[in-house]
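*Asks:* Using the supplied hints, reconstruct the complex from the two chains, each of which is provided in its own coordinate frame.
Protein sequences, first through last, are from chains A and B. So in the numbering used here, spot 4 of the first sequence is number 4, and the numbers just go up one at a time. If you want the numbering used here, it's the 1-based position in the second sequence plus 1000.
The calculated BS3-like cross-link candidates involving lysine-lysine, where the alpha carbons are at most 27 Å apart (straight line), are:
1. B:Lys1161 to B:Lys1146
2. B:Lys1026 to B:Lys1184
3. B:Lys1026 to A:Lys159
4. B:Lys1161 to A:Lys177
5. B:Lys1161 to A:Lys159
6. B:Lys1026 to B:Lys1146
7. B:Lys1161 to B:Lys1026
Simulated from the structure, these hints should not be mistaken for laboratory data.
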Amino acid sequence: MRWDFASVFANTDALLAGAAGTLRIFAICLVLGLSLGLVVGLGRYARNPWLYWPSSAFVEFFRNTPVLVQILWFYFALPILLPFSISPLAAASLGISLNSAAFSAEIYRGGIQSIDRGQWDGARAIGMSWAQAMRRIILPQALKRMTPALTNRAIEIFKMSTLASTVAYVELLQQGKLIASLNFNPIEAYTAVAVIFFVFLWPLVQFTYLLERRLRRDE
Amino acid sequence: MTYRWDFTPVFANWTLLAEGLLNTLKVTGTALSCGLVLGLVLALMRLSWHRLASWPAGFVIELFRTTPPLVQLFWCFFALPLLVGIEMTPFMAAAVTFSIQSAAFFAEVFRAGIQSVERGQWDGARAIGMTQAQAMRRIVLPQAVKRMIPAFMERAIELMKTTTLVATISYADLLFAANEVSQKTFRPLETYTVVALVYFAVIFLASLLARRLELRLARSGESTVH
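Same shape as in the complex, but just chain B (with noise of 0.2 Å):
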């Protein structure tokens, strides 16, 4: 038994899965966006030294780094809008789920590079009569931020695999658009064949694009945290 292989009904489709990735995109996007300053301000509560600050943000980045993302993306699709009685779309509910998910590694990787700064940093800083504040937003988080970029990206890459998990509630994703097209067409071993390079090509670029820069820090003499 040979089987026919036959491209051309998937790529008739190519608007619908254009668009995929273009969602795709947009999801891993917002997420990243607000993934990140959720992060801050989660690690700046972390480390701080009040317990009503450090608790709270301790509780959700543990919570959010040891359950699975599927079981959070249903818990904010399937119950949270009947707890706070408000519709949620499948973006919103993917949005508001990766963009917490994130924030919660990221907080991690903002503890680890602002604890990496050498105390003699702070003591120049107060020194020169810089107030707490004024230390980490300009002497402390910029040097800690360079560190920290090759995590950074690692974890983006994670994140847009990740996003994949959107098509279970019907987010019209790459991966949503992979299914449709393939009941539409009868050839589901083109299509998912063809999403799996399309994926491959955008993140093994992006993986590419990060072992880049992490070799340029690496070269400049700066170290890096993970």
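One chain only, chain A, in its complex shape (with noise of 0.2 Å):
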């Protein structure tokens, strides 16, 4: 068996606009999934039962099914009920952003749970509102604390990316997916982007490392 790269550096623009796919979903699901999971992560703390149990439904809904079968429904399902249809790029990204927002919600809240009673006691008593109290005094230091579970959620958006080439949008598998069957070169095509995934991924692993460790050493 003789490896041929050439196959695949020819088609290089093919693979650039993948990246740039990849890019595009990885931006949009982090902050969609990232903010939305803020909100519901305040809901799941929430004493108000209109808040409490549907973030709460929200959260085991979409913890527990697939997150594959969430872009699938988002595409082949809801468009039924809808006046318009709806893109791969729109489907793939709901379906990750909501998932990932249920995942991240639970990391907000295990964050805010984690911060000690007297400082909400503190904040209260030099007389800020709950909100006050939450934003200035409770999520800033939450926050530091849950930065490694967060990038651990970057990472984990990132890969699930790949899955919008289920419904054929842009991105770098689907590329590849492409160009080894353009070129009937599968074991180069689909090892160039492995190669690629890992490049971009493994900086954001050791980061996460790094940040778990230096937390572990302040705590």
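*Replies:* So, in structure tokens, the structure goes:
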């Protein structure tokens, strides 16, 4: 078996387009997932049952179903209920963002709960409202503890972005499939895609290890 | 525009979906059992003093933890068979991918568990004349495994969700059955909703069991690793 990467390098344009697609969906899902997760996480922390129960149902549902099923549901099932169709990017982003929101909600909740009660009491004692105490005292401290878990989530989102290829969204894996079928070089094409993902993700993973170590040292 | 829901065509195909669910459980079970054994081997290699053992193990663990599962599956299904010259069924490719992938994750759990056992346990075992291997097998591992149970359960649940990827290489799991039923009945909304609910029922039940077990371990005063 002779490896021949020339046929892959000849398609650099396609891979670059794929990388751009991967980065685009990653950015969308990272922003949507982590910010919606904060809203849901605060809902899970609230005492008001009208906030607590819907956010809990959301978290349980999206954590306990496979993300691929969610994406396909948004792509094939949801448009039937809507007067317009849903693009591959929209369906995949919806699935991955809502799934990540459910997982990050639990990270935020855990982080907020880990902050000592006395911090709340102190903030209230100097006259802060609940929202002020949360924004200025609790969240900044909790965020530090949550950073490793949140960067882990970002890595998961990056990996999940490959699922968008199942609804034919143009990203790295989708382009790999295309190159493999046009040039009959699956070994080289899929190896190249795997290497590109590794190059993107390895620094992120190392960064997370570093954060975890630093946090353990600080506490 | 109000859509008229009709679940009867989906339920008429319940045997297809049931077969799919069985195949989902089959892939999950295979990958889980192979992954546990292989994960223990990888963990012991990683903890070994020999670089010839610890470096390759570290490489496999990092590689499978830092690449997307779908890329691994495609590589094993489309590239690996050409490299080694054997036919691969979708089931084989799925079993290989998810076994090694879960092994990589389990290895880190095993490692954390083994490292969490106090040094004194080793010393005690050596003092009564056990070899390194005996001490590991009889003293350290049994204590470590108990602490690892919650992390294992969590990983098993993740694995079951990840197995939906096998539908992309046409293995007839529950999601693949859903695609089929949806095309046959022209009822994607009902089909995917039913299948999402089936997944939810199975996985939610497993999560509840895991949570209960974790609580019981916590109450019996066992510390756990993640």
